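K.L.:
Single-letter residue listing:
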Amino acid sequence: MQIKSLKGLMIPLLSVIAGFLVGAIVMLIFGYDPLQNYINLFIGSLGDIYSIGETLRNMTPLILTALGFAVASKAGFFNIGGPGQYLFGWFGGISFALAFPHLPGLILIIGSLLCGAILGGIWSMIAGVLRAYFGTSEVITTIMLNYISLYFINYAIRSWLAKKGNDSSPNIVAKASLNTPFLKSITNNSTFNWGFFIALVVVVLVWLYFNKTNSGFEIKAVGINETASRYAGVNVKQTIIVAMLISGLLAGLGGAIDGLGNFQNISVSNNLPDVGFNGMAVALLASENPFGIIFAALLFSALQIGGLSISVYSNTPSEIVDIVIASIIFFVGIKYLFEWLLAKKRHHAQTKLSEGGR
Amino acid sequence: MSFSTVLMTVFSTTLIYAAPLIFTALGGAFSEHSGIVNVGLEGMMIVGAFSSTVFNLFCAKIFGAATPWISLLIGAVFGLLFSLLHAVATINFRADHIISGTVLNMLAPALCVFLTRIFYNGKGQTPIIDQSMGTFTFPGLSKIPLLGKMLFTHTSLVAYLAIIVGIIGWYFLYRTNIGLRLRSVGENPVAADTLGINVAEYRYLGVLISGFLGGIGGAVMAQSITLNFSVSTISGQGFMSLAAMIFGKWNPLGATAAAIFFGLAQSLPIIGGYVPFLAHVNSVWFQIAPYAITIVVLVIFLGKAVAPAADGQNYIKSK
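Protein chains in written order, with my numbering: chain U, 1 to 358; chain G, 1001 to 1319.
Fair warning: there could be bad hints in the mix.
Computed list of lysine to any residue pairs in SDA-like fashion (alpha-carbon distance at most 25 Å, straight line) [unchecked claim]:
1. U:K163 x G:K1123
2. U:K344 x G:Y1315
3. G:K1123 x U:Y38
4. U:K237 x G:V1306
5. U:K344 x G:K1249
6. G:K1123 x U:K237
7. G:K1123 x U:V129
8. G:K1249 x U:I126
9. U:K164 x G:N1282
10. G:K1317 x U:P34
11. G:K1249 x U:F134
12. U:K163 x G:I1288
13. U:K237 x G:A1307
14. G:K1249 x U:V129
15. G:K1317 x U:I126
16. U:K237 x G:N1282
17. U:K164 x G:F1003
The set of hints was computed from the structure by calculation and includes no laboratory data.
Given the structure is predicted, the values throughout are model-derived calculations rather than measurements.
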């Protein structure tokens, strides 16, 4: 058991180190100073209270989209629909806040967050229903649903939310914002907002759900062996749909929190939001462990926020951090390589030991 | 505008938009028939678009009007090199195909925009290329009444090339030894291995062909449509190609036809203004159509095993 959990930490750690090495090599090839850049990156992400606020704020949607990916993944499904579900959540949150500006603050915020989460959930549930009743691959449907949501939401913003000819909705009222003056004042006017604490609570809830409830157990069971679960009396179809619904609720909540806490409005976008895919990366690095997701999200968020300052202090393009992130996930993906190397090393050590005994 | 001019515009715009999708969808078919799921087509297209654009900008003076065509080859080569990552990860290191493909999609824009900033003074996009792929009028064929004007005047030569590649691809996969072996590896790797077919070798072949064709697809996009490279040069075309491949039931001819259909859907917002009954339809429905149709098609073909049987499964040889 101890060895297993140690190995569980070993592969993410080795992947992170290898990813940073790849980044350093790329920087060296093009004549940039990796050490200085990594130091700038660290200072830019965690060096002062403002940067910490930004990093924590940027972490929030990452945690939630990662949790969403993890829930579907536990049930054995690859939900690549995070970006679309996040978009629907963002759209739902802002739409509610714009539609009912006269509600009292707390109710307005809860309503907006729920509206966003539910839209994200329903959007993701489409893929769940198709999977449960028609056996349609959720990988393909969620990819397709991503692009449908991108174009549909752009259309919806232009025709329902924005003023004629505009590409952004108006801003939400101040009382709907999660970025309160108090949090601003303690973080030197960063965009740090209450969403962060909501995300932490959700992490605990997801952990409890998987470890303390029947429904969570059923999701895991279906993920491990669908046929066996069916014989054991689990309603597999319903479990699939529930898993995809929760997955989308979480990603949608991430979008709604980003809308209310960070953007304060919603704009037309040309591409799918990166946060959806990065959330997937976070979950993969954390091996889908809810608490691991917090640390993985912190790492990726710090990379992204620090990446902004890389290009301020040197002429290194900030895309280097995306190269590092992609490399880390590449190494997580080829974990067999590490397992093989570790096994070889252990084997080597054992032969040495037996040789020494002789 | 006369009726035949409208038809000509519809056909040529459709083909221009279909060409990148055809190449890439064919690439996807090769990879998946060998058993390697390829959601990384988007990344391969990005690499193809970037490398072809950079080559074009550097070498347009040397090669003149031939530059865009040579650029396609350059895009193909770099697409192939990039796809090696996917091949190594999935075939040698047993990575999950979806994770590996997603890494390609994350890595490609990061790497290409990084390099763009280095080559072009910190800017996130390249200048516009001087030598681009224009339209082409077939000598002789264009003289055929009506059809000549519709299909062979001011049209996309590279799209016709893509269709020919589609036909060759079908012949290769279904009628040649190598093609049949490649498919056997994607259907039943254990049986193929027992018969002495090197599973890893054929899977490499499948993935590298997909990188080659995906690279061309991206290059065509850059050389004939966007005319430069930026992060938004390829925005979903790789996934649309994947959709075309599925819509075409993994068959190169079907994928080609589906890609042409999606090309039509993409060109409708542009030509909609000329076509009276389409002018009032909001372009969002044309944008959504290819993706929605794919889902519907997938649902309708329920239960029918159209994908290669061992698609997405790593082959771990027992000792």
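K.L.:
All the hints need checking, so say for each whether the structure fits it.
P.N.:
A quick look at each hint next to the structure:
no.	hint	verdict
1	U:K163 x G:K1123	32 Å, violated
2	U:K344 x G:Y1315	21 Å, holds
3	G:K1123 x U:Y38	22 Å, holds
4	U:K237 x G:V1306	23 Å, holds
5	U:K344 x G:K1249	43 Å, violated
6	G:K1123 x U:K237	50 Å, violated
7	G:K1123 x U:V129	45 Å, violated
8	G:K1249 x U:I126	22 Å, holds
9	U:K164 x G:N1282	16 Å, holds
10	G:K1317 x U:P34	41 Å, violated
11	G:K1249 x U:F134	17 Å, holds
12	U:K163 x G:I1288	23 Å, holds
13	U:K237 x G:A1307	23 Å, holds
14	G:K1249 x U:V129	22 Å, holds
15	G:K1317 x U:I126	38 Å, violated
16	U:K237 x G:N1282	37 Å, violated
17	U:K164 x G:F1003	34 Å, violated
Hints 1, 5, 6, 7, 10, 15, 16 and 17, counting from the list given before, are not met by this structure.
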